[in-house]
Every structure is written in structure tokens, then in C-alpha cells.
Amino acid sequence: MSLLSTHKLKKIFNGVSAVNGVSLSFEPGKITSVIGPNGCGKTTMINLITGMMPFDDGNITIGEHTKIDNMPAYDVATYGITRTFQQPRLFEQMTVLDNILVVLTERNVFKSLFERHDKYHIDIAEKILRRVDIFEKKDNLAVNLSYGQRKLLEIARVIAMGERTDGESHILFFDEPFAGLFPEMVKLVSSILKELRDEGKAVVLVEHNMDLIRELSDHVYVLDAGEHLAEGTAKDVFSNRGVIEAYLGD
Amino acid sequence: MDYVIHLLILIGIFSILGLSLNLVVGYTGLLSITQAAFYGIGAYTTAILMRALGMNFFLSMLIGIVATIVISSIIGTVLSKFKDDYYALGSFGFNIIIYSVMLNWQGLTRGPLGLPGIGRPELFGLILSENGAFLILVIILTVFVFLLSQAITRSSFGRVLMAIREDEKVIQVFGYRTHSYKLLIFIVSAGMASIAGSLFASYITFIDPSSFVLMESIFILAIIILGGLANNKGAVLGAIIMILLPEALRFVGFPTEIAAQMRQVVYGVLLIILMIYRPQGVMGNYKL
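From first to last, the protein sequence lines stand for chains A and B. So in our numbering, the last spot in the first sequence is 250, and the numbers never skip. So in our numbering, the last spot in the second sequence is 288, and the numbers never skip.
Treat the hints as calculated values from the structure; they're not laboratory data. These numbers were taken from a predicted model, which means no experiment stands behind them. Backbone N, C-alpha and C fix where the C-beta goes; we use that ideal spot for every residue, glycine too. Each hint should be verified, as a subset may be incorrect.
Selected chain A positions facing chain B (Cβ under 10 Å, derived; list incomplete) [said to hold, decoys possible]:
{"#": "1", "residue": "51"}
{"#": "2", "residue": "70"}
{"#": "3", "residue": "72"}
{"#": "4", "residue": "73"}
{"#": "5", "residue": "75"}
{"#": "6", "residue": "77"}
{"#": "7", "residue": "94"}
{"#": "8", "residue": "107"}
{"#": "9", "residue": "120"}
{"#": "10", "residue": "130"}
{"#": "11", "residue": "131"}
{"#": "12", "residue": "135"}
{"#": "13", "residue": "142"}
{"#": "14", "residue": "160"}
Listed next, the in silico DSS-like pairs over lysine-lysine satisfying Cα-Cα at most 27 Å (straight line) [claimed, not checked]:
{"#": "15", "chain 1": "A", "residue 1": "30", "chain 2": "A", "residue 2": "137"}
{"#": "16", "chain 1": "A", "residue 1": "137", "chain 2": "B", "residue 2": "287"}
{"#": "17", "chain 1": "A", "residue 1": "235", "chain 2": "A", "residue 2": "30"}
{"#": "18", "chain 1": "B", "residue 1": "83", "chain 2": "A", "residue 2": "111"}
{"#": "19", "chain 1": "A", "residue 1": "138", "chain 2": "B", "residue 2": "169"}
{"#": "20", "chain 1": "A", "residue 1": "194", "chain 2": "B", "residue 2": "81"}
{"#": "21", "chain 1": "B", "residue 1": "83", "chain 2": "A", "residue 2": "137"}
{"#": "22", "chain 1": "A", "residue 1": "8", "chain 2": "B", "residue 2": "233"}
{"#": "23", "chain 1": "A", "residue 1": "119", "chain 2": "B", "residue 2": "233"}
{"#": "24", "chain 1": "A", "residue 1": "138", "chain 2": "B", "residue 2": "287"}
{"#": "25", "chain 1": "A", "residue 1": "67", "chain 2": "A", "residue 2": "119"}
{"#": "26", "chain 1": "A", "residue 1": "67", "chain 2": "B", "residue 2": "233"}
{"#": "27", "chain 1": "A", "residue 1": "10", "chain 2": "B", "residue 2": "233"}
{"#": "28", "chain 1": "A", "residue 1": "119", "chain 2": "A", "residue 2": "138"}
{"#": "29", "chain 1": "B", "residue 1": "233", "chain 2": "A", "residue 2": "30"}
{"#": "30", "chain 1": "A", "residue 1": "138", "chain 2": "A", "residue 2": "111"}
{"#": "31", "chain 1": "A", "residue 1": "187", "chain 2": "A", "residue 2": "138"}
{"#": "32", "chain 1": "A", "residue 1": "138", "chain 2": "B", "residue 2": "233"}
{"#": "33", "chain 1": "A", "residue 1": "111", "chain 2": "B", "residue 2": "233"}
{"#": "34", "chain 1": "B", "residue 1": "81", "chain 2": "B", "residue 2": "169"}
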């Protein structure tokens, strides 16, 4: 059963369809990849699903019945949906540790006034930073991290969302998490994605690297020019003629 | 000695203003240029209630805070929809509106004539007419506001404020209703500024609208930019520098006819130098 599905989602920018009737479905305990040429609407899909951008038509459903159409981002988050950003959007003038802590703490305005970052939160945050191998940077400002470290901190925030005690996230979108990473880091991130999958999360991967798609994906969707082009296992879609044409041109 | 006490009282009042504005500008990144309006509402509420009803200073201060909270929640609701430059311009407009009200609602404020003869605080039959005693009150309230600011900025709430400052859209994705945070900190900040206003009215015993003009808001902004954005100690340091600097400049020996203008020039030059070499201020943790 799918954890999250979109039904004929549509988004029009100035008369151009960025997403045109796309229906996708994401299952727990699986890595679902969304691929396609640049500008095919992958990131736009994530923006629509996470509530960062309103859409023009279609539905987004959590579980079987719960509709979250055009809900503001902070409400979408309460349904356990979270994401990374292709171009890292960190809290730059805050420490690496604070970047994680802010994800873990109380969401209620008044309760948060009386909450201090106690040892409990710090322990979780430090564990996550060790897992993505940027623990020794914890007291640095995010603005001083290298590009690869920034990508890792993006991933760490999503892991943190998954570890929240009140309402953990279980639908995780990774928007090109491997871009710009050293080979060692690529191995680390792909093992993290597998672990998250094995924990039962619905992992959604937007990626260009075909070897990684083959290695990681349980199911692949191919988008082209805002439309659903193909789907199936990695092996199926990469032998699909339409997909090859979309990537290589006619 | 009286001169030193006078300066310390002013430093206390402007520390409260700096601390209050730092919560909004330094921590939350909302460039609010309207702090003098809330400062003025506090001052006028105290002045009017003490003059017209002979009310106790402390009660009038509390009513001033309540009045400021009500007004700032209306303004804050509107401002919370804005960000960046639009926020600055909106807040700017609000300061002008409040100033106009003070100037033109003659029945209540006596307009440009101002309100003279405001009393000093009275506590258990003890009137703090001595400046030394008044200074103790100022110190107590400044410490209170400082500790409150520390408690807020060190809480989880404070960390969310900084995240809003860094990227509001992203912190929404992580599940925070940012407009509630922006509104609440704006109201808290306004309430603090109102305390400073009550102290000022009672200390000087005379107020008129000229103390609450837009320039005053910019002066308070300069305090925190100089002392340090997103640092509570920095706000106090900024107040100390901005109050003592003109006093120090007195002894530089500018000819009397241009002394006042020269002080403005020195202020301006100092701010420019700071923006070039240390944009986060002396003790700051955040660059605009």
C-alpha cells in the first residue's frame, strides 16, 4: 500500500505546464527514484508535494484517504513528509549542531519558549552528525562548510526529521543528494539511503547518476517535459525506447 | 555624581530598547524600524495615567505594557505577512503614524506642547524622586529585561527565530508556523520597549512627540548594529557606547556652534566604518 500518492498533479507556470497530470506513488520500505532530463519537473514535483508551491489541479493523498492538497508547508510536515534541497539551503549563520537541533525541538510556539536543548536532544543530534561524518564540524557555522559537507548536513536534517519523537517523518525526498560528493561520501550517502529504506521509510530519490539509480532503486519513474513517460524497475525503464530517446535525443 | 547617575539611567533605558529591538532585528532578522513608537506608547500611557488619574507609576507601566501588546499584535499581524525590505518599510510607516497621532490628538497628548509634570514612581509610600533611587529601579528593570531576553534566545523558541532569519521557507518545511513566531517576538519586543518608555516619562517628568520620531527608532537600531546583532550583551554595550560617545565628544573641543552637527557626523562615520570592517557589530553573531 502506498504511503503517499499524487493523482494527475498539474502545475502551470505562465502558461507552460511544468508538471502535467503526473501520478506517482511512494511505498514504505522502498527507494523510489524519479528521473528525467533537466527541467522535466522533478524538483517542481517535490515543491508541490511538500507544500512549498501551490498546484493547479490534481490531488495528493496520504495513506488511503487523507488529502493534503495545497496545504501550507508547515502542515504538510506534520504528515511526516520532509526533503533535502538540491542547492543546499542551510541555516547559514547558525552552528551545524543548531541546524540539527532546530529540526528536533518542540513545534508548539508556547511550549518551545520553555524548552531548553537538553542532553536528550543533543545526544540525538550528535549521533546523526557522526552518522553523516560531519561531527567534528558541529560548532562551525554552516556558512563555513564545504559544498560536500553542506550536502551532508542537508541529509542530516532529514535524518533528524525521521528521529523526531513527536511525529517522525517517514516520507523522505532527496533532491540530487549525490551531486558534488566525493566517491567516499557517495558510498556513505547510499548506505544511509539503504538504511532508511530498511527502517521502513518511503525514500524518494531524484538523481541523474544512472549507476546509483540502478543500485538503489526499487521502483523508477521517468518524467519528461512535465509528463509521466515510463515506470518500472531500473532494468525495465533503461531498456525502454522512449526513455533512451528522452535522454539521448532522437 | 548626579551627571554620572543621569548617564547611567539613560544607558539603562536605552539598553532595554536595544535588547527589545535585538530580539526582532538581530535574532529574527526582521528589520523593524518602529521601536520608538512602542517606546512612545509606553511613555504616553504612563504620563497620561499618572497626570490625569494620579495613578501609581508601576500600575501605569503595566497598563502601558498591555496597551502596547494590544497595538503591537494588530500591527504585528500585518507586518508578519511581509519580509525583508517590505517589512522595514511597513514598520517605518507605522512609526510615522504613531508619531502623527501623538502630535495631533491634542485632547489626549497636548500635541507639540507635550505633557509636563509627570510624577516619579512611588513604592510603599517611598517616592523615588532622588535620581540615585531611580537608578536602582532602572537597573532592576534592565536586568529583568536582559534575563528575559537571555531566556528567550536560549530556548528552542530562540533557535527557531534564528532559523526564520536564515531561511523562513525552509524552517516551514520542517513544520514551524513561522508567522506565529514572528508575531509573538514582535509583541514581546514591543512590551519591553514600553517599559523603557514608562521609565523615560517618569524620569524626565516631561514628554513630547519629538522623543519618539523615526530618528529615535534609527538611533535604537544603531545601538544594536554597533553593539552586536543577535547578542544580548552586545545590545547593552551598544547602548553604553551610543550614550557615552556624545559625552566624550564634548571634550574633543568642537566649536560650540557646530558641536551638535559634528556629533552626528561622527556617528555616521562610525557606523560606516563598522559596516565595512565588522558588519556584525562589536559583539554580534549575525551579519545583516
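| message | Let me make sure I understand: some of the numbered hints might not hold for this structure. Which ones are they, in numerical order? | response | 2, 9, 10, 11, 12, 15, 20, 21, 22, 25, 26, 27 and 29
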